[in-house]
Structures are given as C-alpha cells and as structure tokens.
Amino acid sequence: MNVKASLPGFDQVDRPQRDKISTCIHCGLCLDKCPTYRTLGTEMDSPRGRVYLIKAVDEGRLGMTPNFIEHMYLCLDCRACETACPSHVEFGDLMERARGQIERQAPRPLAGRLLRWLVFRGLFPHPSLLRGLFRLLRLYQRGGLQRLLRTAGVFNLLPARLKDMEAMLPDLPPRPFTRSVPEYLPGQEPATRTVGFFAGCVMDGLFADVHNATTRVLQANGCGVRTPRDQVCCGALHMHAGDREQAKALARRNIAVFERQDVDVIVNNAAGCGAQLKSYVELLADDPQFADRAHRFSERVQDVSECLAQEPLRGPLGAVPKRVAYDDPCHLLHAQRIRQQPRDLLQQIPGLELAPVTDADFCCGAAGIYSITHQDMSRRILERKMEHLAAAEPDVIATGNPGCMMQLRTGARLAGLDAPVVHPIELLAAAYEVGKKT
Amino acid sequence: MEPSVLQELAAIVAPQPLLTQPEAMLVYECDGHTLDKAPPDVVVFPTSTEQVAAVVKLANRHDVPFVARGAGTGLSGGALALEGGIVIEMCRMNKILEIDYGNQRAVVQPGLVNLHLSLAVSDAGFYYAPDPSSQGSCTIGGNVAENSGGPHTLKYGVTTNHVLGLEVVLPNGDLVHFGGAVLDTPGYDLTGLFVGSEGTFGIVTSVTVRIMRKPQVVKTLLAFFDTVEAASNAVSGIIGAGIIPAALEMMDNLTIQAVEAAIQASLPLDAGALLLIELDGIEDGMEADAQRIADICQQNDCQNVRVAQDDAERALLWKGRKEAFGAIGRLTPNYYTHDGVIPRTRLPEALTRLQIISHRYGLRIANVFHAGDGNLHPLVLYDERDGEEVERVLKAGHDILQACVDLGGVLSGEHGIGLEKKNCMPWLFSEGDLDVMRRVRQVFNPQELCNPNKVIPLRGRCRCGAVTGDGTPDHETHEAVATAMQDAHVRA
Chain U
1 MNVKASLPGF DQVDRPQRDK ISTCIHCGLC LDKCPTYRTL GTEMDSPRGR VYLIKAVDEG
61 RLGMTPNFIE HMYLCLDCRA CETACPSHVE FGDLMERARG QIERQAPRPL AGRLLRWLVF
121 RGLFPHPSLL RGLFRLLRLY QRGGLQRLLR TAGVFNLLPA RLKDMEAMLP DLPPRPFTRS
181 VPEYLPGQEP ATRTVGFFAG CVMDGLFADV HNATTRVLQA NGCGVRTPRD QVCCGALHMH
241 AGDREQAKAL ARRNIAVFER QDVDVIVNNA AGCGAQLKSY VELLADDPQF ADRAHRFSER
301 VQDVSECLAQ EPLRGPLGAV PKRVAYDDPC HLLHAQRIRQ QPRDLLQQIP GLELAPVTDA
361 DFCCGAAGIY SITHQDMSRR ILERKMEHLA AAEPDVIATG NPGCMMQLRT GARLAGLDAP
421 VVHPIELLAA AYEVGKKT
Chain G
1001 MEPSVLQELA AIVAPQPLLT QPEAMLVYEC DGHTLDKAPP DVVVFPTSTE QVAAVVKLAN
1061 RHDVPFVARG AGTGLSGGAL ALEGGIVIEM CRMNKILEID YGNQRAVVQP GLVNLHLSLA
1121 VSDAGFYYAP DPSSQGSCTI GGNVAENSGG PHTLKYGVTT NHVLGLEVVL PNGDLVHFGG
1181 AVLDTPGYDL TGLFVGSEGT FGIVTSVTVR IMRKPQVVKT LLAFFDTVEA ASNAVSGIIG
1241 AGIIPAALEM MDNLTIQAVE AAIQASLPLD AGALLLIELD GIEDGMEADA QRIADICQQN
1301 DCQNVRVAQD DAERALLWKG RKEAFGAIGR LTPNYYTHDG VIPRTRLPEA LTRLQIISHR
1361 YGLRIANVFH AGDGNLHPLV LYDERDGEEV ERVLKAGHDI LQACVDLGGV LSGEHGIGLE
1421 KKNCMPWLFS EGDLDVMRRV RQVFNPQELC NPNKVIPLRG RCRCGAVTGD GTPDHETHEA
1481 VATAMQDAHV RA
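Here the protein sequences line up with chains U and G, keeping their order. Heads up: the first sequence begins at 1 in this note's numbering, then just goes up one per residue. Heads up: the second sequence begins at 1001 in this note's numbering, then just goes up one per residue.
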C-alpha cells in the first residue's frame, strides 16, 4: 500500500490488543519459519519485528509511518509464525487489526479508493455480479478472443502484472457450481450426516470441478449436502486487506443463511475460506446480537478433509497410480492446524504414492491478492517452493486452496514442471470413479 | 553518523541496501534480551568476507563502533549496539561451503541457521551436536561468539568442542585463520580463545565444524516427582552411578504447566518436577541403563517413569523442552532469565535459594534447566510496564547470580555475559584474573570499537566522552554515565 504521509497511532476501534502484543517474549523462534524473513533477513520483516513495531505504535513510540505501513503489508499473513510460536502469539489477529487501523485512517488517492470500493464493496459481496464477471471471462476464453490475443502477442504490450493475472486464470466451467446443482444432494445409504456446503465466491465460479468432486466424495460417504443459494463471500480478502467492516457484514449474512439450514456441520474445501469462517467467532465477539450465533457457526465449520477423517472412508476406492506431492496451504496448516487429515486421505487411495516435500509447510507466495500486490516478493517465494516441489519428482501436485492452486500452476509453468495441480479431493473423487468401474 | 560514511558503507555492500530508517533502528535496538535497549545508526548486510573486512576497516577509519549480529536470539545483550554505530548483520552469509563426510567435518558461513546444518547432513546419517533451544533460528556464528550449549552438552560438550577452525576478520579489518581442519593444530589454541569471546575479538566469517554420526539408538524417558528436591537427588544418583545420559533436563511445576499448555503431551499438571532423560549410542546395554535409571528414580520417590514410544513422541517431548522459554510467555508478559551454573551436587540447595529469592521479591520464578551439568535457567516472570516490578526483577537476578557464585558456581553456562552480567564478573574473578582478560582483549580489540563495553568491566579507554582534566579517562564519571545509561535503558 502506497501511503506517503504518517498517520498518528492506533485509535480505539478494533485496536491491536495490548495483552496479545505482550504475549511475544521476543525469543525469535518464529524467524526461520517466516517467508519474508527467510528471503530478506530483515528484522522488520520478521514476525517478531512486526509485533515489535505494532508494540511501538501501541506505546506511542512510533506513528503509523509510511515505512511501518509498508512492513505491515509485506507480511503474507500466512501465520506460519503462529505454528512456530511457543508463546501462542495470535499474530494473524494482531496483523489484521493493525491493517484495519491503517485502512480506516489512511487517506488514499481517489483512484485507489475507487478501485478498492469496486472490488471489495461493489463486487465481492454480490454473488450475481461475480457470476456475471465469470460469464464474461468464460466468453472471453471460449469465444476465441483469448486465443487470438495470445497468438497475436497482445499481452506482451500490457503491464507485466496484468499479463500474469491473465495467465493465472484457470479454464472456466460453463456454469458456477451453485447454479448447476440442486440445493440438496442426498447422501448414499446408509446416510449418516447432513452437511451444509460453503461454496465461496472464487471457488464457485472458477473451480466448479473441485466442488463437484467434493460433493461426490461427501455423498459417497453418506453425507447429504445442502448448498444454500443465498450464501455470500466469506470475507477473507476483506479481512486481510483491513476492511473489517465489510468482513463483518458478510459474516453476519452467512451466519443467518446457514442458521436456516438444518445441518450438523458446515463443510468447505478452500483453506482460506475455512480459516475465515472459523474466525467469525473472534470477528463478531463484540457484537451483542451476533457473538453467540458466530460462536455456534464457527464451531460447526470443518474443512472437507477434517469432515471425512471423522469416519472410516467408504469403498470401493480404485487405484490412482500417481506420485503426489502434497503442499500444505498456510490457512489449512497454520490457521486451522490441519496437517495430517489430507495426507491420511490421500494415503488411503490404492496405488497413490505420497512424495516427501521439503518445506511443504512454507507459504507458496499466493496469500490472497498478495501475488498481485507484491509480485516481486511473491515470485521469489514461489521460486523456492517450485525447487522443492520439483525435487519431489511428482506426477501430480495437490493443495487445498484456490489461491495456492493458481499460484502453483503459475509456478509449474514458469519452472517448466510438467505436473498438474489439483485439489486433494479431486484425487479422492477420481479413486471413487475408478472404483465404480471395476 | 556522517552521510559520507553512510555513502562509503553503501558502496561496500552494494547492491544490498543499508538500513537507517527509524523503524528499522527500532527493531534492532535489542536482541533476545529485552531489558536493555540501544538502537544502532545503521545496519548492513554483507554477503562476503571481503565486504565484512571492508566494513570493519571503514569503521576503524571513522572511529565508529560496530557489532556483529546473527538472528538476534542471544539472551545477554551480546548483539546490542550499546554505543550506536554499525550493526553488521551476517544472516545473508548463510551457505554451507563444504561437507566432508569422510573426515566428519563441514565448512559453513556464520549466518547459517544451526538446525539447517543438521538437516543438510541428516540423510547421510550425520548431525551437528550443539543444540541450543533456539537452534531453529539461531546462527552458527552467534553460537561461536557465545560458545553456545544445549541439552546434549552433558555428553557431547559445547560449541568449542565442535569447532575445528575459523576464518576471522579482526577488529582492525585484517583477515586471519585460527585452527584448521583437525582437532588440534600446533601453536596457541586461538580457536579456543576466540570461541565464546562474545563478539569482542572480531567477526567470524567461516567456521569449520565437526559433524557427528547419528547414534544407532535413542531412548527418551520422562520421570515425574512430587518435589524438585527428589528430582535433584535422582540427578545426583544417575550421574553418581556412572551413567552419562545424552541429556538430563529438569522442569518444575510452573514450567510443566506452561509446556503442557503448549504441546499437549499428557504431562501430569500436579507433578512438582519432571526429568527428561535421553540415552543414546549402541543398542547393546541401553535397555539395562534405562532400567538402572528407572530404578534410581524409584529409589528417589518418583511418581512414575514414562518411556517415549516412538520418534513422534520423542520429538514432541523435545519440542516441549526446547520451546519451554516461549511457553512461559503464556503465563507472563515478560521474563528475565539467567543461566548460572552450580555444581550439580548442590542442586537442592540452589533451588531452595531460588525459592527464598522468589518469596523475598514477591516474584514467580519458573525453572527449566540442564540438570545434568548444573546449568540453571530460572525464569523470573514480570511485566515490563510496571517499573517498580522491573527493579525488583533486577535485584532478584542479582541475588540469583550471587547465590550461584556462593555455591561454587559461575555466572553463565551458555548465554554469555554480554552487557547484563558484566558488572558481576568481579564476584568470580580477581582483579588479576580480569586484568589478563583485559590485556588479551587489548591485543585483539585495542580501539575497543568491536562490540564495545561488553563482557568485562573495562578500564582505560572510555567511549562515553567522560575525561578528566588532564585528558585521561575519568572512570568514576564513566561508571556513573554507564549506570545512568543502563537505568535509562531499563526505563525505556
């Protein structure tokens, strides 16, 4: 974020909490787990250093200077430091509150304000507009325009950032998932559970295949799946960018939507969304009307791997003879502490070999819109990630978050690594498919 | 600092930028020891030995103090730029230059993270033995400066036992080599002299270390006791029986509670103390040793003994031990730790003295330490926003060190003297002893620019500007100024 002027210190609205700041005892055990510290070696871009800067602002030793703001936004918010921290510093919460302070207080240039408003307030909260955008994008891909522009080399004339964004776009499905399936899909007998399915916004439009795979596997395991049509974006992007108010509005809406459904758990398959849904309880803790409801909502949220791990997988599973490199999405591993379940699921697939990956617990550099806003750092982190993935010699790369999937696809393309990037649930769905035929 | 000096510095390390922004200087004002704070004027990130030498020569030309820094995890203020000047941050010199399995050694740059070395040689069946609790972050260069230890030093020794040779930029910028590639080289043991000099004898730019074969078998036991005294007696019993475990660690009740909250390893929250005991080596005889240890624990009224069932449980228990300091952060905003060493036969007395000190100052003290070699780590819990409490903490720290020395021990086992314990050195050493140290320091660091004013109370050159009428340094004024500076740091 490009801010020229210094802002005064924190005000009282969603201020980073002092007792959470002082949980950091400055031991430094987080340093080597932080992607930006590993890349730069600068203390200000380490978790410990960022907490120290937040502390300095909190104590009035420092204003929110342009440099302070820059250091806050260079953080990927991957929360690897939380897993490393023995003192249990809630770093993600501190960072998001600090960014919230900056966002509310910072005077932005008009163009920037307009763009942000369009994206965060005008677009993401409105599913129908998003669907419209995805339709246009699909028309662009399928109507021949994309091929024409690519062959003509038009993108070489565009700024590098736009060119890369265009290249990252996956092939769009004909219709968003929520518009192509009934609201209720019955579970295979004996049906034991009814789950609510959180489809998200980006996943819904761009990754309908992953959603189809998810519901098929859930159904095969006796879960009836309810996908309410009126659900909205989880608000994770807003939260990371410091727009807490809009994030709260989206949270209230989703809570109300799922309260109307008679479901045991609320399943999702995007690590970033899952982490956000689970944090509604903290986000709305000060809202007297929603605090309890948020608590009931968040405690029912489960990643699909978490949900499936609760009961033994039902058969028959056919063989998927592939060497798979599994890469942990940060918001699954660090924010939700889910490490083993996806690996266990993959290992139950006959013929599938799980390849060990060095630093699989490290961020890939996607981090929501970070790969666009901080492309240079994002690429440096991605390069290292691709070296480790290539060393695992995989047939397939698996990771459970749309941002990570797009980022790793870009990485594979740049590194010349011939391995498709899929969601783990797609491998499981493939195994069921093969199992049906044999 | 003069802009022209900064320009010269920038030219040396280009294209790596300098850090001079106030926000950056703020985060470099302290390391793992947060009671004292002093911001540098500039931080540089050299990427080669030549750059380090050039920076040091520049500092000499302009009479600017400098200090090397690794990951900043030190616990005695060793990387603090006490008098401002240049922080030479070594973290970008982090390569493994050579691995020689046949001769069991590796050559590494000082900014390499300790654990990264063990990970790099792990597949070949080797590891680097010194394992400070911060090994996942701290650097080999910092380990050399502080002569770092770790839980496994009981059997394998500290850093100095694993360093064969050093490439060093002396405080005047000259490049020299100490030791070599074998265990003992002819002439004076300058490697031994340099390791543990806490950054006052120069800056190490390459280290030749020993790497060891991983043991065939490792067995990890946990023994729980009602009291710290009973656990201490078991420690004496184990060592007295002629068994040298690879590690022998103790935690008291307060620490057990914090660690259990952090790792959920089913530790009993009502135990007064636990011993974490590790045996390693060849398989033959290990079961018998483990049984003897269990028997000795039983004879000392232990509640029960638990054996780690697999590598995962072993790793979890060690994670708990190594992150114990951080886990204490769950109980308190700040802690102040010492690492005084006492003869292990006097452990029960030492722990009683700690309890008395805890009561005297009304402060909670948690204990987690290397019981096998008597290396205490009392953690005094406090809140730095309470100025009056900070004063009590400092007094308690003073009394703890005094108790260690009274019991025939020393001020520090591995954290170093740095800034914080400098003024306690006369408790341990006579004026004659200290004078030899000062003269050795004079040989290496005559300008006193290299990490000034650390480790030993100096006489002579005074950088705070206090001089008497005839131009000689005024020690009384210096001491007064130094004390005032320290007070100011504490208040800050």
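Errors might be hidden in some of the hints.
No more than 25 Å apart at the CA atoms, straight line, and that leaves these computed lysine-lysine pairs for DSS-like [unchecked claim]:
id, chain 1, residue 1, chain 2, residue 2
1, U, Lys20, G, Lys1319
2, G, Lys1095, U, Lys55
3, G, Lys1037, U, Lys20
4, G, Lys1037, G, Lys1319
Chain U residues, not near chain G, derived (Cβ > 12 Å throughout) [claimed, not checked]:
id, residue
5, Tyr37
6, Asp45
7, Ala56
8, Pro125
9, Val181
10, Pro182
11, Glu259
12, Gln261
13, Val263
14, Pro350
15, Pro420
Here chain U is said to cover these stretches of chain G; the calculated rule only asks that three of the stretch's residues, wherever they fall, bring their Cβ under 8 Å from a Cβ of chain U [what the hints assert, rightly or not]:
id, region
16, 1010 to 1023
17, 1061 to 1074
18, 1086 to 1095
19, 1130 to 1138
20, 1363 to 1370
Simulated from the structure, these hints should not be mistaken for lab results. Don't be surprised by glycine CBs; every beta carbon is placed ideally from N, CA and C.
Hints versus structure:
Simply put, lysine 20 of chain U and lysine 1319 of chain G have alpha-carbon atoms about 23 Å apart, close enough for the 25 Å limit, and the pair holds. At most 25 Å may separate the alpha-carbon atoms for a hinted pair to count; lysine 1095 of chain G and lysine 55 of chain U exceed this at roughly 33 Å. Simply put, lysine 1037 of chain G and lysine 20 of chain U have alpha-carbon atoms about 22 Å apart, close enough for the 25 Å limit, and the pair holds. Of the supplied pair hints, the one linking lysine 1037 of chain G and lysine 1319 of chain G is violated, its CA atoms being roughly 30 Å apart against a limit of 25 Å.
The non-interface label for tyrosine 37 of chain U is inconsistent with chain G: the shortest C-beta to C-beta separation is roughly 9 Å, within 12 Å. The beta carbon of aspartate 45 of chain U is not kept farther than 12 Å from every beta carbon of chain G, the shortest such distance being approximately 9 Å. Once the 12 Å rule is applied to beta carbons, alanine 56 of chain U is inconsistent with being away from chain G; the minimum gap is 6 Å. For proline 125 of chain U, the condition that its CB be more than 12 Å from all CB atoms of chain G holds, with the nearest at approximately 35 Å.
Valine 181 of chain U, annotated as away from the interface, keeps every beta carbon of chain G farther than 12 Å; the closest lies near 40 Å. Distance to chain G confirms proline 182 of chain U as a non-interface residue, since its nearest Cβ pair spans about 42 Å, more than 12 Å. Consistency note on glutamate 259 of chain U: stated as away from chain G, and its beta-carbon is indeed over 12 Å from all of that chain's, at 32 Å minimum. Listed as a non-interface residue, glutamine 261 of chain U keeps its Cβ farther than 12 Å from every Cβ of chain G; the least gap is roughly 33 Å.
Chain G leaves valine 263 of chain U outside its interface by the beta-carbon criterion, the shortest separation being 29 Å against a cut-off of 12 Å. Against the 12 Å criterion, proline 350 of chain U stays outside the reach of chain G, whose nearest CB is about 25 Å from its own CB. Even its closest Cβ contact with chain G, about 29 Å, leaves proline 420 of chain U beyond 12 Å, as expected for a residue assigned away from the interface. Counting residues of the region 1010 to 1023 of chain G whose beta carbon lies closer than 8 Å to any beta carbon of chain U gives 4, which reaches the threshold of three, so the coverage claim holds.
Here's how the region 1061 to 1074 of chain G fares: 3 of its residues keep a CB closer than 8 Å to some CB of chain U, so the rule of at least three is met and the hint holds. Here the region 1086 to 1095 of chain G counts 3 residues with a CB under 8 Å from a CB of chain U, which clears the bar of 3, and the coverage holds. Residues of the region 1130 to 1138 of chain G lying with their CB closer than 8 Å to a CB of chain U number 4, which satisfies the three-residue condition for coverage. With a cut-off of 8 Å between beta carbons, the region 1363 to 1370 of chain G has 0 residues touching chain U; three or more are needed, and the interface restraint is violated.
Violation of the numbered hints given earlier is confined to hints 2, 4, 5, 6, 7 and 20; the remaining hints are satisfied by the structure.
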